[in-house]
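Now that you have both chains on their own, put them together as the hints suggest.
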Amino acid sequence: MKKIFIILLIITVIVISLATMLVKNQSTESKLEILKHRYSKKHISSVDHAKFAILQQQFKTPQDVTKACISCHTERGKEFMHTSHWQWSREEYIKGRGVVKLGKKNILNNFCIGISGSEQSCNRCHAGYGWGDKKFDFTKQENIDCLVCHDNSGEYTKATGGAGMPDSAVNLSKVAQHVGQSQKANCGSCHFFGGGGNNVKHGDLEKAQLDCSRDVDVHMSGEGTDLRCADCHTTDHHVIKGKMYSVSSMNKDRISCSQCHTQTPHKDNIINEHSVKVSCQACHIPTYAKVNSTKMTWDWSKAGKLKNGEEIEEEDSLGNHSYMSIKGQFTWGRNVVPEYTWFNGTADHYIIGDKVDTSKPINMNTLHGDYCDPNAQIIPVKVHRTKQIYDTKYNQLIEPKLYSAHKGDGGYWKDFNWDTAAKLGMEGIGKKYSGHHTFVRTQMYWPLNHMVSPSDKSVSCIECHSSDGRLKNLKGFYIPGRDENSAVEFIGIGAIVSSILGVIIHALLRIFHNAKRNRKSNNLKEE
Amino acid sequence: MKRVYIYKAYERFWHWSQAFLVFFLAFTGFEIHGSFEFFGYKNAVMYHNMAAISFLILIAFTIFWHFATGEWKQYIPTFTNIKAQIDYYLVGIFKKAPHPTRKTELSKLNPLQKLVYFGLKVILIPLLSISGLLYMFYRYESNGQIKSINVDGLGGIASVHTLVALFMIAFVIVHLYLITTGTTVFSNLKAMLTGYEELEHDEDESEEKEKTNE
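Just so you know, the protein sequences line up as chains A and B, in that order. Everything in the first sequence is counted per the numbering used here, starting at 1 for the first residue and increasing by one. Everything in the second sequence is counted per the numbering used here, starting at 1001 for the first residue and increasing by one.
Hints may contain errors.
To be verified - Derived CB-CB ranges, DEER-like:
#1 Val383/A / Leu1056/B: 24 to 30 Å
#2 Arg1012/B / Glu463/A: 39 to 45 Å
#3 Asp373/A / Leu1056/B: 32 to 38 Å
#4 Lys1095/B / Glu463/A: 33 to 39 Å
#5 Asn1043/B / Lys431/A: 57 to 63 Å
#6 Phe1186/B / Ser486/A: 39 to 45 Å
#7 Arg517/A / Leu1056/B: 44 to 50 Å
#8 Asp468/A / Arg1012/B: 32 to 38 Å
#9 Gln263/A / Leu1056/B: 26 to 32 Å
#10 Gly180/A / Asn1043/B: 15 to 21 Å
#11 Asn344/A / Pro1077/B: 30 to 36 Å
#12 Glu463/A / Leu1056/B: 26 to 32 Å
Claimed, not checked - A few chain A positions that, by computed beta-carbon distances, are all more than 10 Å from chain B:
#13 Val99
#14 Asn171
#15 Tyr350
Said to hold, decoys possible - Sample of chain A residues facing chain B (criterion: CB under 7 Å; computed from the structure):
#16 Gly161
#17 His233
#18 Val336
#19 Val337
#20 Glu339
Everything labelled a hint here was simulated from the structure, so no lab data went into it. For each residue, glycine too, the CB sits at the ideal point set by N, CA and C.
Next up, chain B with everything else stripped away, as it sits in the complex (with noise of 0.2 Å):
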């Protein structure tokens, strides 16, 4: 086993600001759906925005980042070993079986999250955020005068969003368990938050980057 750096700072960072973001967007967006009175009917809106925006910023920064660094790279998904996987999760973890994919700097995404995480990526956020847009700029002001586009009401983009946010908490129930079944209960927690994680060690691979990294 061996100490690796896996989860840069800009990495935590955008991990952590957009588990927040999607934890206040679901607060405010159960709010703005009826759900509760918490924040008071305006105010909901007003922060759902915000946090709206400052989401769409972190994804704007996040994209260049995944391409300046070739980090996109990672999420390319894969069907090799996906059945490994599954049948790790369904079967394997219970008896400790060994985790049937290896942990690298290189790859850190076992073919499942690959395929979960791609799918979030170009499928879910992409429909939350354009129909979150929608939803926000479907009327618009231009010169004094309030102008629509052509849609008849709210009712498709907002079941749309509704929907897709739905599906997103989903997600995050099982993300948030998944976390527990790392090397230990808590290694993955540890290494989104400092970055570190106990690997099995792979001599020439490591050597070779933290070679080429000096």
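If we strip away everything but chain A, and leave its shape as in the complex, we get (with noise of 0.2 Å):
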């Protein structure tokens, strides 16, 4: 009956283990095989745009280039101009605010802080030609770039300080007969280089990612599936779905990792239960800016400073600006730790004209959420903090004009007048300049969603389950490894410590008095 009964335990304990196997080995490779497989097949298109004859013509503007793809894609121009890629403006819903216009129009960020005054320069990457001042025309169809999205010959630019029309060298004609679905070479001509420079703002998005090791991305990376941005960034009626926050407040139109992944991608159930709070790029983006640096603290107090009426430009060990009369002083990053934060998909921005506190740093964008939000998860985000020009009377940030092509047009990169500079940002969008600033601190959150690592070079669990890991800052909720509570280390630990005193001072007294007791029989017997 005994040994029946140890057998069947030793039975029972073995299939169970064997049937949790069973279960684990349910391959998740297999979901991915399918995938890679799926986004391997690449795209051909079902036209040869350079058999047109309405596309064999010499261009000689860009905006006729517009006129021959609308005589065809009839449809296209007004449904392109609805999109924020044209609009640069959108209507967002903002609790406590309500439903505000906002986008690169008229927000502020803390790097060149905004377009006001600056359009010939910023403008650049608009998907349109012409806007460089007020007074452009976002009626016309024939000022739409199409062909900033579209080229596939990979000859196209957009001139510098040119408010956004081509480079005077691109072939209009060549161009024309080689369009067809973006690159990652299109998007990246602009979201590679914003800011002023490659890998400048995001941080997860550069040119490396043109041609990289799977270790920087594993998903744009030419090594591995090589996915085009649209792959993911899907597109109706071009509005690309995907969200970033320095401009995005609301919670739609989002792409998420599970669209391809499902939400139990992984073997281990326990990894797909922290998808409740913690999201997938918080451990698989264990660093960002993995090639080329990216744009940490910028101060614009320091900027001005010139050698002999000379601008001067100072770069650090690997060969980034860490100074520029025009900008002021910079520190730069490469692979980055990334900071985390609780984000819920909704976000605030700073909205010129907001009053603030200046005695802690201006948050530029405000990620909402909390642990205790059913809808927030740890994200993890690239912080840039800034000390930008800001009215002490109006007490409010100031939108300088920066750019002007010429000397004596007030843009602060040539006169180096920050008054002037401020007076004319101000008037561009409709405010006014008290004639007193000072610098203050900002902070902008760039959440990190680009340079995903291979699974075997995510963040492990120790990194953030121990007191110094990942997550310390991140307060209010229990990790195991990294929280304890205090009074049931004080209680346990004390049973724990009594017990062994209590133990060793039971034992000496039995030593003792045994001891006692054995001198005491030896005297008898002696006597």
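Right under this line is the structure:
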């Protein structure tokens, strides 16, 4: 009976462990294989634009190219003019503000601050032609720049300071004959270079991703699936999915990893369960700016130093600008470990005119969410910290005019006069400058979504489950290995220590009495 | 004195596998708690969970065994002689006084043991198991989605689990020491290993028992 019982017990244990192993072996690899297969099929265009007669002409202006495009794609122009790539603005509902129209058109950042007065330069990245000042006509279809997104020749570039016009060297006919689906390089021509240089803004989007190893970016690497941006950023009538919370505010039209990978992609269910509170990105993007550096701090207050009337430029050891007379002082980071914050998909922004407390850094954007918010997850962010110009009398941030083509036009980058730059920039948005400024600390949150590492390089458990780990600054909830309940520790450890002491004292007393007894009995014997 | 078969095969199997599991759970538990690094966090969690499930299976079989054999009656707490037992540990033991209660097959636990083991089986281990199960399953997968039970995170669950686990360790320390308080320092340990122990002979009782066994 007893033996049968023990045998039964052993059999049960074996059966259970085999069963759990079998369940776990349902391979996630095969899921990935299916995905890789699906996305490795390259798109074959149904038409060759080089064969269209209307494109076999010498185009004088880029607008003529757009007219030619629209002559066949008759409805696409109207469709495109509703998108944020054209409007640089969209309606957003923000709690506490209501519905506001926000976008690159009117929002401030803590890099080159805002476009007012500097449209000639900033609006190079507008998907249009000629937005150089307030008078730009947003209703003219021929001003749409189809080519910047659809050029497949690799030869199209926009001119510096050209308000979005193509570089004069571009052969428009050739480019027009080689159009197709947007490639990485099309999106990258703006999204890699935001803030005035490669990888300055995002930290996880840069030109190296056009040709990188899997370690840098498993999705975009040619060694990997070689995904185009638009494979994930799916598009419906020119509205492209995906939100950047430097300009976005609402929890909609977002992209998620789970749209391909499902919500339970791991073999280990404990890891799947983390997804309730932890984003995929938090573990799978262990560091960002893996190839080229990204800008971490920017001190505008140091700008304007000249040497014999000439501008100064200094570089750090990696060849990044550490000082520029026109912009001030910078620090850069490479292979940066992200900071972490709660995020539920909604954000607020500093909107010009907001009165703020300057005793602590001003948030250019505020990511909402906390542990108790069922929609919030821990996400990795790059935080860009700046000292930037602020109106001490009106208590608001200033949008200065930075760019001007010529000296004397008031742009800071030519004249190095903050007062004129502030006055002209604020006038451009219909606001006033008091004549008094200082520089205040601001910070801006850049959620990290790209540069996903291969799974074996992802963040390991102990990196968060320890008191000095990546999440040490995210307080208010319990993480095993990081947190402890001090009352529990006191009582529990107290119980253990007193048991040990009790046992030791008791044992010593026993030994002592034993020895005494032995002596006595020995004495008795001797007597 | 007579050599008596006091701990049955299953009982010993249960005791020693439980002992191993308790030590292993404590060790991996401390690693999960952040006290040191040994297996690596992920492995520590995996081993801790595997050991916990083994422990639960063992408990299930042992509960069955207790009821099937009637051994559960050994653990009904009694307050008779409890003062004598406490006096023995506090005073008598130093004078080599005799154990106040006699160990027999039918009553192998002294009143203090009965009380402590009863508390262990009815309070500590259930609390540890339930908080452990909640710790494991407060989030679970269902139809490709992760669901949660309605708790405000792990704080409460983890605190109960840790506190009870620390008490358990305190128990183990005292238990290990009290092993040495048998007839000789090693007699209790030997009994739990071999099943046999030299007990003061009680003619009527054990002979009767032997007869019924035959």
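Here is what the structure says about each hint:
1. Separated by about 45 Å at the C-beta atoms, Val383/A and Leu1056/B break the suggested range of 24 to 30 Å.
2. The given range of 39 to 45 Å is respected by Arg1012/B and Glu463/A, whose C-beta atoms sit roughly 43 Å from each other.
3. The hint said 32 to 38 Å for the Cβ distance between Asp373/A and Leu1056/B, and at roughly 34 Å that hint holds.
4. A hinted range of 33 to 39 Å is violated for the C-beta pair Lys1095/B and Glu463/A, which are about 58 Å apart.
5. At roughly 60 Å, the beta carbons of Asn1043/B and Lys431/A sit within the given window of 57 to 63 Å.
6. In this structure, Phe1186/B and Ser486/A meet the distance hint of 39 to 45 Å, their C-beta atoms being roughly 41 Å apart.
7. Between Arg517/A and Leu1056/B the beta carbon distance is about 47 Å. The supplied range of 44 to 50 Å therefore holds.
8. Take Asp468/A and Arg1012/B: their Cβ atoms lie about 45 Å apart, and the range 32 to 38 Å is violated.
9. A hinted range of 26 to 32 Å for the beta carbons of Gln263/A and Leu1056/B is consistent with their spacing of about 28 Å.
10. The hinted window of 15 to 21 Å between Gly180/A and Asn1043/B is violated, with their beta carbons roughly 50 Å apart.
11. A hinted range of 30 to 36 Å for the beta carbons of Asn344/A and Pro1077/B is inconsistent with their spacing of about 53 Å.
12. The hinted window of 26 to 32 Å between Glu463/A and Leu1056/B holds, with their beta carbons roughly 31 Å apart.
13. With a minimum CB-CB distance of about 32 Å to chain B, Val99/A clears the 10 Å threshold, and the non-interface call stands.
14. Distance check on Asn171/A: its Cβ is at least 51 Å (rounded) from any Cβ of chain B, clearing the 10 Å threshold; non-interface status holds.
15. Non-interface call for Tyr350/A relative to chain B: holds, since the shortest CB-CB distance, roughly 32 Å, exceeds 10 Å.
16. Because the beta carbon of Gly161/A sits about 51 Å from the nearest beta carbon in chain B, more than 7 Å, this interface hint is broken.
17. This hint is violated: His233/A has a C-beta 24 Å from the nearest C-beta of chain B, more than the 7 Å allowed.
18. With a least beta-carbon distance of about 24 Å to chain B, the hint placing Val336/A at the interface is violated under the 7 Å criterion.
19. Hint status for Val337/A relative to chain B: violated, with the closest Cβ pair at about 18 Å, above 7 Å.
20. Violation of the interface hint for Glu339/A is found here, the shortest Cβ-Cβ separation to chain B being roughly 22 Å, above the 7 Å cut-off.
Hint violations for this structure: numbers 1, 4, 8, 10, 11, 16, 17, 18, 19 and 20, all remaining hints satisfied.
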